Amino acid sequence: MVNKQKSIWVFGDYRNYYQNRVTLQLLSRAVDLSRIMKAEVCAVLFGHEIEEWIMEYTAHGADRILAIDHPSLTSYSTENYLALIEKLARERDPDILLIGATDFGREFAPRLAKRLQTGLSADCVGLDITSEGLLVQIAPSFGGNMLAEIVTEHHRPQMATVRPGTFKEIPHNNERTAIVERLPLPADLPASRVRLVEYERAAQREHRMENAAVIVCGGRGMGNKNNFKKLDELAGLLGGDVGATRPVVYAGWAGHDSLVGQAGKHIKPKILFSFGISGAIQHTAGLGETDFIVAINKNPQATMMKMSDVAIVADAGDWLHHLIRELKKRIRE
Amino acid sequence: MVTELPWDERSGTLRRDLAAGMMNPACKHAVEAALQIKENQGASITVMTMGPPAAEEVLREALAMGADRGVLICDRKLAGADTYATSFILASAIRKKCPSFDLILCGAYTSDSETAQVGPQLAEELNLPAAAYAENIDVNSGNIRVRRLVDHFRETLEMELPALVTVSMERYQPRYASFSGLDKAFTRAGISVLNAEKLGISPADLAQQGSRTRVRMVFVRKAQKENVTITGAAARAASEFLDRYERKIGAAIGKSIEAKK
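Here the protein sequences line up with chains A and B, keeping their order. Residue numbers for the first sequence follow my numbering, beginning at 1 and rising by one. Residue numbers for the second sequence follow my numbering, beginning at 1 and rising by one.
The hints are simulated quantities; they were obtained by calculation from the structure and are not laboratory data. Keep in mind it's a predicted model, so treat the numbers as computed, not measured. C-beta: ideal position from N, C-alpha, C; glycine also. There's no promise every hint is true.
Unchecked claim - If you want the footprint, here are the derived chain A segments under chain B, 3+ residues with CB under 8 Å: (1) 15 to 27; (2) 194 to 202; (3) 229 to 240.
Unchecked claim - With a straight-line Cα cutoff of 20 Å, these simulated EDC-like cross-link-like pairs (lysine to aspartate or glutamate) come out: (4) A:K329 - B:E258; (5) A:K265 - B:E135; (6) A:K87 - B:E124; (7) A:K328 - B:E258; (8) A:K270 - B:E124; (9) B:K248 - A:D291; (10) A:K328 - B:E240; (11) B:K255 - A:E233; (12) A:K328 - B:D243; (13) B:K248 - A:D309; (14) B:K255 - A:D95; (15) A:K329 - B:E246; (16) A:K329 - B:E124; (17) A:K268 - B:E226; (18) A:K270 - B:D151; (19) A:K298 - B:E258; (20) A:K265 - B:E258; (21) A:K87 - A:D69; (22) A:K306 - B:E226; (23) B:K38 - B:D138; (24) A:K270 - B:D243; (25) A:K6 - A:D69; (26) A:K270 - B:E226; (27) B:K255 - A:D232; (28) A:K265 - B:D151; (29) B:K96 - B:D151; (30) A:K328 - B:E246; (31) A:K329 - B:E226.
Said to hold, decoys possible - To give a feel for the contact side, a few chain B residues facing chain A, derived at Cβ under 8 Å: (32) P25; (33) C74; (34) G80; (35) S92; (36) Y133; (37) R145; (38) A207; (39) R214; (40) A234.
Looking at chain A on its own, in the form it has when it is part of the complex (with noise of 0.2 Å):
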């Protein structure tokens, strides 16, 4: 038997590309992986009028571009595209096919993998290949401090959705070449069940946070909401803005729009205070690259203290306290 050319997959995902390059970052990881595994990159690209993505992804490392270019195809649709990536990967049966975890890549990957009868992890934040030639997916897992290893060992394709900003995307190079195959829309594509009655770019949210240079972030560990709401008199004489924790969230001590972390904000400021953290994963995965951590908490052993670059042991009201009154002495514009 004439062993399959190895393909890993990874799903064009181009809506809001200015801020959105996962699909660049999964092409570079898939590159590295396809090294080890010897196999072809791929890109699949549903969508119309599409040939600036498919010299994009070429030049971004992919071998191999299966492109569906058709007017129905417009605009973002999950059950269209979730039609066209399972008739097309049921013909090629890929072993590795990669998602990236957007809003749309984590309703649209489940559903693939479903029908695709195969496994999927949510939002990893590595991905690596045994020496048995398995995909480790490195997700967030059970609400701990903790990451697990996952693999899909029976089933094909091997399924990830990855969070933004994991991988590196490598540089643009005009002078890589990719096989493009152009592909006609199958005749029995069935009728979307769901109609986009309407949509618009929602106005941008203010992205103040992503780009602050300092974060004042609480957790539970501030005690009370009191207590929680000087942490904007801090942010104020540091310039900077304040995060919150999930339980402080729901505690209603500050608003949605201020969550850090998995489900909320990602940030990577120069210097992130933590005040009254322990540390959680969901909490710690929206940390991403920031450059310095201070945290502040009576227990010496939570994860936060052990991530952090200075670990102060206090409790973290008083020491607020504190910080303001020693930073407004020396405070000079």
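Got chain A; can you put chain B on it based on the hints?
Chain B only, in chain A's frame:
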């Protein structure tokens, strides 16, 4: 309404510290959406969850908010199911207990691992049109309109019933259960408990439709930091901290914070 409770993969037991009989917040929003639909159009609401016996409390809480009946899927044989297997099991229970449903609502997130995969997979399992992250649901005769925000696009989607919708936490602030409601919810019947056998799920089905993924290992994320520790009285610790890092902080905020000499 579907909730996932945090089972410990290694021991196959529930992480009680996390579950603590509390309903997953996104699911609470889904219950609220269901209650508002019931108030506007009239409906009978069944709440369903899968978990250990203690998960019954979650259903009682939903009954106290105003749901009509609860279904608990409880069987050690089903513990440790991944989302693939979970959606199969839930679909079996829905076919059994509410075969003529119009609408399935799920929380758009779960409070444990936030996979958010069960809702969409359940839609596939039941072959339903579906939409995730709903901020608003309008039910008309035979169809629904869902407004949602996905990847910076505001969309309005329309689909026929029956359908499945996962509810975001933007709107549908959950109501509080009244004490009398709670009291009634915990004293009256109204919850049926199903195990694999009652669901008609055989060991062969579990092998066929069981988990696709396996957790090889779980580990704590490593820190690679210098990790200086400062202890002592808060006032002195604050001053020591600022002395030590005045340049670094000053550079980040663009102001000098060097102590006045």
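For the hint on C74 (chain B), does the least C-beta distance to chain A fall short of 8 Å? violated (20 Å)
Decide if the proposed pair is consistent with the structure: K96 (chain B) and D151 (chain B), CA atoms, cutoff 20 Å inclusive. violated (36 Å)
Holds or violated: K329 (chain A) with E258 (chain B), Cα cutoff 20 Å? The given pair, whose Cα atoms are some 10 Å apart, holds under the 20 Å limit.
Taking only the CA atoms, is the gap from K270 (chain A) to E226 (chain B) under or equal to 20 Å? This hinted pair holds, its Cα atoms lying about 16 Å apart.
Checking one constraint from the list: CA of K265 (chain A) to CA of D151 (chain B), max 20 Å. Satisfied? Roughly 13 Å separates the two Cα atoms, so the pair holds.
Restraint status (C-alpha distance of K87 (chain A) to E124 (chain B) at most 20 Å): holds (16 Å)
Should the hint that R214 (chain B) touches chain A count as held when the rule is a Cβ pair under 8 Å? Check passed: Cβ of R214 (chain B) comes within 6 Å of chain A, closer than 8 Å.
Holds or violated: K255 (chain B) to D232 (chain A), with C-alpha atoms at most 20 Å apart: holds (18 Å)
For the pair we were handed, K6 (chain A) and D69 (chain A), check the Cα-Cα distance against 20 Å. Given pair K6 (chain A), D69 (chain A) is violated - Cα atoms ~25 Å apart, limit 20 Å.
Compare the distance between the alpha carbons of K248 (chain B) and D309 (chain A) with 20 Å, and conclude whether the hinted pair is satisfied. holds (12 Å)
Restraint: S92 (chain B) near chain A, CB-CB cut 8 Å. Satisfied or not? violated (14 Å)
Would you mind confirming whether the straight-line C-alpha gap from K265 (chain A) to E258 (chain B) stays at or under 20 Å? violated (32 Å)
Hints 8, 14, 16, 18, 19, 20, 25, 29, 31, 33, 34, 35, 38 from the list above are not met by this structure, while the remaining hints are.
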